[in-house]
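Note that the protein sequences, when read in sequence, are chains A and B. So in the numbering used here, spot 70 of the first sequence is number 70, and the numbers just go up one at a time. So in the numbering used here, spot 118 of the second sequence is number 118, and the numbers just go up one at a time.
Read the hints as simulated data drawn from the structure, not as lab findings. Please read these numbers as outputs of a predicted model, since none were measured by experiment. One thing to keep in mind: the hints can contain errors.
Among the chain A residues that face chain B by a calculated CB cut under 10 Å, a handful are [to be verified]:
1. Ile112
2. Asp218
3. Tyr224
4. Leu265
Derived SDA-like pairs (lysine to any residue); straight-line CA-CA distance at most 20 Å [what the hints assert, rightly or not]:
5. A:Lys31 with B:Asn251
6. A:Lys270 with B:Asn251
7. B:Lys279 with A:Ser203
8. B:Lys279 with A:Ile144
9. A:Lys31 with B:His159
10. A:Lys15 with A:Val116
11. A:Lys256 with B:Thr194
12. B:Lys279 with A:Asn199
13. A:Lys44 with A:Glu239
Glycine included, every Cβ here is placed at the ideal spot set by N, Cα and C.
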Amino acid sequence: MEDTSKTGNDGIALKCEGLTKLYTSGLIRTKTVVGARDVTFDIKRGEIVSLAGESGSGKSTVARMILRLIKPTSGDIALNGRSIYSYNIREYYRQVQAVFQDPYSAFNPFYIVDHVLERAFGLREDNLNRDERSKIIRSTLESIGLNPSEVLGRYPHELSGGQMQRLLIGRSLLIGSQLLIADEPTSMIDASTRAGVLNLLLSLKKEKGLSVLFITHDIGQAQYVSERVIVMKQGEVVEQGPVDEVFTRPQHPYTKELLAAVPTLYERWKECS
Amino acid sequence: MAEHILEVEDLRGYYRGTFGVVHAVDGVSLTLDRGVILGIAGESGGGKSTLAQLVSGTPPPLLHLEGGRVLVDGIDIYNIDSEELRTEIKCKRMSYVPQSSMESLNPVKRIRDFIFDVVGQRTSKRVLSSERKKEVIEMAANHMKTLGLDRPVLDRYPHELSGGMKQRVVIAISTLWNPKLLIIDEPTSALDVTSQKRMIESLLNLKRARIIESMLYISHDLTSLRQLCGECIIMYAGKIAEIGDMEGTINDPLHPYSRLLTAAIASYDSKGRRKGELKSIAGSPPDLRYPPAGCRFHPRCPYVMDICKTKEPPMFRTGERMGGAFCWLLASQSGE
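Excised from the complex, chain B in its bound form (with noise of 0.2 Å):
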């Protein structure tokens, strides 16, 4: 068994077509240990949900894999062919639940019908024997349990459903066969407040009952990140501009962008104190065909230097903090 369950080692995905090359993934390496949820924040553009698709090993048509590496559980995903990855790593290993998954239910088809053809299809029986059925709806009535569904939502169809349930059902179908680690794409973007915080307190409980191990949660809203993750890592324009633990990130930014965005949200305080004047970003983010040269966020930074403007920054560490920030303001404290 290998020690990390995902590692991703200089990923790089770009989309190529007629429009040019856009690098939406440039260089991003990172490790998620078992039993940690890391999140991924950033703005849109960013390369968040480019990264889960890369992980997730079956990127859209104009998506391609340019170099790097994802091991998950070990197993090198580009390295294996086709078949192996769906059987041995997809479902087994690893669950990606993209952005909008809900609308991929059947619309004719109750929920039970639709978990047959999709536990048919996976094991290769078109027709599952009635014992077989008995035993695939006991597994899914326990997992949609635990995500706070009822059982007879199985003889529901999808429009019988709120959106916060189908997303609940698509959960509760990509971790059937309990999925080491989860990859889930802003699951909540389309929930209004109530429904949003059911379902993050349902994804812990799938955490919880061991149903999952670790998660890759991926989402442009802070505040929902905060509640769920123990790690996180905010990405822009392709790369990774900070990777710490959650509390860290969010009280003591390291990274201009981190510091920029937390100030840019606002948060609602259980005193129901007013917190100070929100700022946005000046700017907007770099058109990723050509990426601007150094640091990506100089053009939009308040505190650029000249390094900035042609060198990259590697990361760079501060204290006793877990992970650090890639930025050159950091140099000079790190004594790097």
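Isolated chain A (complex conformation) (with noise of 0.2 Å):
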């Protein structure tokens, strides 16, 4: 069993409960948008969950409120039992870590590839020398399947897209962070590098324990890497159960419309034959 008084109750990393999010614009007359509204669910420890619907349907605004970029309108988010306002900040970030679509951005193109690796030992306690440092980000880097030499000293132009995503994985390691957002980390990303990014999700969950929200649209993909899905419609869930559970028997509607209209390698829609 883990450590309960880390866990929390019973393994259950985040818990998000009755989650809304009401965008209001304009000084006089205000309009309103929906961003999220009463979404619930958890992400046990260990466990890769993926929220999936179409642009707009409010899976960003989640991840956002998660991250605390932004505040929810009401509901609770809490993170290991606690809720995660009541975290410092830095010691939030130590635990929650996110990579998003674009890797391409989120490096400096003027400063080789270690800097940014380099500035994660910043949201670390321990206060580690140039060596041990470097140690600690070679041993990352070989757990997550990248060659140090290959990567390391490096400009982002000179890395595929695959591997900035890998890189920026293994940035959220060294911090030692619980949980990780990622938001659409493959849809910028070639198909032929895709499954690396994937592969490398699905083997550190099952080796470090690591949770992560796994936010696509792209159904295969969700299909492949997470044991339970979410799918949100216009900032609700519709839908949430196990992912072959879903997949195959969907319930809503939505879901239905969803699944039909991702294109499968092997068969031809019919509106197309």
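Given two chains presented individually in distinct reference frames, assemble the corresponding complex, making use of the accompanying hints.
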């Protein structure tokens, strides 16, 4: 059993309850847009949960609330049983890290990629000297299947999208985070290197007990990588459950529609044949 | 009337600049029959978009045509003057919709006014008469209907439309003169799954309504290619790796690269089955300033042989399959 004092109750890493975000605009005549409404779900330790839905369905709004980038209008988010706002911000980001869609914009093009990794140590509590730091960087890169000599000392434009995205995941491991928010991490990188990112998430889950919120609109990837899936539409959760169940026996009409829209490699849509 | 709508012979296009010479498209030959949708797939940096730009007849500043011919409807487009290319080939015989072309709409003009601009520009009439305007609107509305857009879209500004709608508006405008060939580069990559499906259906409807005849569809996404295309080409590092019918290329890829590419895709199965483990392709595409000798895929190929490192493979055919693959592994099987 896990250390219950750290994990809170029954190994739940993150719990969102009744999460609502209303965006308002205008000073006099205010207009309200629902970003998310009454979103409730949890992520267990060592679990990958997918958040699926089309653009504008509120997936990223939920991610940004979890990352404390925007404040929810109402509802609670708890990390290891404690409200995320009770954490000191540095302490919080030590545990929760994110990987976003565009790996190219996450790196400063004027610095070699080591810079991003070095700066991650700023969040760590221990003050390591240069040798210790580089040792940890090397061992972390090796553990995520990157050859340190191939990536270290290089500029971002010399790496592939998949390598950069894996480096960013490695960076969150350096910090020692327990929960990774992956917001469409594969949508901007090549199909040929996508598998590397997905397989890395799977192996980290297994070996390090990392919890991941995997946000995607690609059902194929959701199915490959996660156990549970949450389907959102216009800010609301329309269906959630085990991946195989949701995808083989979708209950909500929207889920059915979403599944029908996913092109597959081996069959043609009726409309196209 | 020429037999093929598009013929490309040994096309070579290099980028030249202070960075050196990038051999982006290096000896590509293909033919596109009338009524066929041909897909081009491959990793980024494989030369897909460069090929499209060369075929369009107006390559961007640093890209230079280094050799080969492009025949559109039998006309060598690099052998005619640019005015003829603009008035006789473009839009009438061939339209090119580049990547992220939805940003090309004028943000301060309604769609209808933008269309008047385009028509005015092409017919060298600055101001259109009101009858002509009515005609143009009818024509545009008709094309938009085929693409699944309602008439009121004409009165909107670009910012009032979603990404998928803007993309379809651009396609509607590009096909106003019913070109025989539509070249379209990554129309779905910025769209989510639902709009992606609508886009693919709209493109098929264009062909069904006989607005266009053939299409060259470029996408890195093999799954959407599969839905739309009858034939496909897999490109790698500026060269064709495999060419054939869509079905055969997906189900029984000949080239190791196509095999690895299909294995790297998480495909959702309608029966909810999980595919086997996904594998990414080791290594990265070569720097095309210094392309490797022999087969360009040899540094990453798991089946590499000695001959691959020195000699460039010709195309080998196998059995009854249409097309073939540029790979020495097939030399023994094809008996050539």
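Hints, one by one, checked against the model:
| no. | hint | in the structure |
| --- | --- | --- |
| 1 | Ile112 | violated, 17 Å |
| 2 | Asp218 | holds, 7 Å |
| 3 | Tyr224 | holds, 4 Å |
| 4 | Leu265 | holds, 4 Å |
| 5 | A:Lys31 with B:Asn251 | violated, 52 Å |
| 6 | A:Lys270 with B:Asn251 | holds, 19 Å |
| 7 | B:Lys279 with A:Ser203 | holds, 13 Å |
| 8 | B:Lys279 with A:Ile144 | holds, 15 Å |
| 9 | A:Lys31 with B:His159 | holds, 18 Å |
| 10 | A:Lys15 with A:Val116 | violated, 30 Å |
| 11 | A:Lys256 with B:Thr194 | holds, 11 Å |
| 12 | B:Lys279 with A:Asn199 | holds, 8 Å |
| 13 | A:Lys44 with A:Glu239 | holds, 18 Å |
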